[in-house]
Amino acid sequence: MTVPVLLLVSMIAFGILFLLPGDPALALLGENLAKDEAKYQALRKELGLDRPLPIQYLDWVTRAFKGDLGTSIRTGQPVRDAVLQRIAPTFQLTLMAAFLAIIVALPIGIFSALRPNSATDVAATGFALAGVAIPNFWLGIMLMFLLAVKLRWLPPSGYISPLEDLGQSLKLMLMPALTLATGLAATITRQVRSVLIEVLQQDYIRTARGKGARERTVVLVHALKNALIPVVTLIGMQIGRLFGGTVTIELIFAIPGMGRLAADSIFFRDFPVLQGIVLVVALVVLFCNLLADILYAYLDPRIRFS
Amino acid sequence: MAGTVKPAATVALRRQQQGYLVSSLKRLLQTPQGIIGLAIVLSLILLAVAAGGVAPYDPYAQDYGAVLKAPSIAHWMGTDNMGRDLLSRVIYGSRISLQVGLVSVGLAAIAGVLMGLAAGYWAGAVDEVLMRLMDALYSFPAVLLALAITAALGPGIGNIIVAIAIVYTPPFARLTRAQVLSVREMEFVTAARSIGVQPWRIIGLHIWPNTVAPIIVQVSLSVSLAMIVEASLSFLGLGAQPPTATWGEMLRTGYRFLERAPWMSFFPGAAIFVTVLGLNFLGDGLRMALDPRLMQRRQG
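Sequences listed follow chains R and U, in order.
In terms of this note's numbering, the numbers along the first sequence are unbroken and rise by one, the last being 306.
In terms of this note's numbering, the numbers along the second sequence are unbroken and rise by one, the last being 300.
Read the hints as simulated data drawn from the structure, not as lab findings.
Just so you know, even glycine gets a beta-carbon here, dropped at the ideal spot from N, CA and C.
One or more of the hints may lead you astray.
[Unchecked claim] Between beta-carbon pairs, the in silico distance windows are: (1) U:A178 with R:R206: 40 to 46 Å; (2) U:A61 with R:L7: 29 to 35 Å; (3) R:V3 with U:I216: 34 to 40 Å; (4) U:N81 with R:Y296: 47 to 53 Å; (5) R:K66 with U:A178: 37 to 43 Å; (6) R:P155 with U:G154: 32 to 38 Å.
Please model the complete structure; the sequences and the hints are all you need to start from.
Shown next, in the form of structure tokens:
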């Protein structure tokens, strides 16, 4: 199941370069040098563009498999190193965002489910609707204006590694992480609410109440345990997507991560780097989905052996 | 004689279809989401169509006597760094957003539905290949894939539309396929097949009408996602090139003047937010209106 998808993912990432008008050699040379026929032919040969497409793909994918993603046009650095250098800030941003989303969304979802249609529930639903609809780069800009420019509570932008100065690192990362977290928090809130409402109507919950278990135990132990199964899957599926959704946020908050690298490589028409990032992010997404599937089977014994 | 019977049957059928349409619309207007969503989306379409008559200023007219002016009676949303009226630019910007959202999702829906119908009806190898391709496409986060495609094709609205159409095809294919699988085994399809009706005729006449409802809902939700992706790409400088007014491009410029003129960032983003909210409401309302069972459960 996953292997054909992996192959197709690599084909799509490979194919992006061939969407360029003309061919990659022309794009690499840029407009000024493109008229130099000898140079163009030499580069075509060097890049192997004179060979049949399937051979080119096989060559590219075998080298990618060994970790060789080509060379950055802008810096001449191997793409693998360029991407690896930028992976840590994006990773930190994604994890902080996922953490914030979970600790905000879980209690809100639980409270809404316990009192459907109460004022709390209506407010929570409003939050969920707004959170899904708000464009996160706009939210980021507005937060920056409010919290950094006007109130001066947080530094506006920049990045420091947590290994260097943990406090400052978390402080700098708080706004971007909040921005990235909003959409996920909204989705989790909705999911927790709807699943928990359904679970609370099950017979075994009535049994638990009937035998005199405390309401807190019924909700937090009996109901939540089952309600969380689809939520865990949802989070697993979304974390990979968060990882790829950082482009605009990293640009706004000046975080030197993979998203920022992607945005920069558009400017410099650095397509090998862009291609490498697209491939790596898709692999992360697939890996997270797989992890979610495994976790799902672990949490729900009913589907473990099917 | 046959000539007189056929039109009557057609008329009856049309009346029945109309009945479904009208009753769906009525049900849509019974849900608060449906009313709010429809109101927002319709006023946006109206605004886009009548932009020339509604906008108080020429969106491209520069006035260097009124640069970076805060919102006032003369300029409700203030002016930008070239003294252009922001309200007029936001109004004109709705044209690009709507155009990109509708055309790209329209293309995605056509491609996805055709693939989903084929995959669901023929199953086997066709199904396997098409669906794995959709899985692969869906593994790429939307903004990143659209960004890579647009960067390769070159900046511009046409290329953004193509990129977004590719990115949002998989949900339509999956949704249609799932619907087809559940309808395919029903007796009226078996009956049609047994009397020798051609596959595409079965698909077009018998299966497709039963798959429409969830696809309409998906269109509404996808248009809102497409608009956010378009704004993100324009924000990154890949959209319509200046001076064309688009919401994403206005945010891109506004961001540079955040400290001096926050209204330049606030209003275009708020326009995107309200539009997306409206489309999501409409989608929720449609979901309930097109599925009478859901409506009854809600009221019951």
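Consistency of the hints with the structure:
no., hint, verdict
1, U:A178 with R:R206: 40 to 46 Å, "violated (33 Å)"
2, U:A61 with R:L7: 29 to 35 Å, "violated (54 Å)"
3, R:V3 with U:I216: 34 to 40 Å, "holds (35 Å)"
4, U:N81 with R:Y296: 47 to 53 Å, "holds (51 Å)"
5, R:K66 with U:A178: 37 to 43 Å, "holds (39 Å)"
6, R:P155 with U:G154: 32 to 38 Å, "holds (37 Å)"
Hints 1, 2 from the earlier list are contradicted by this structure; the remaining hints agree with it.
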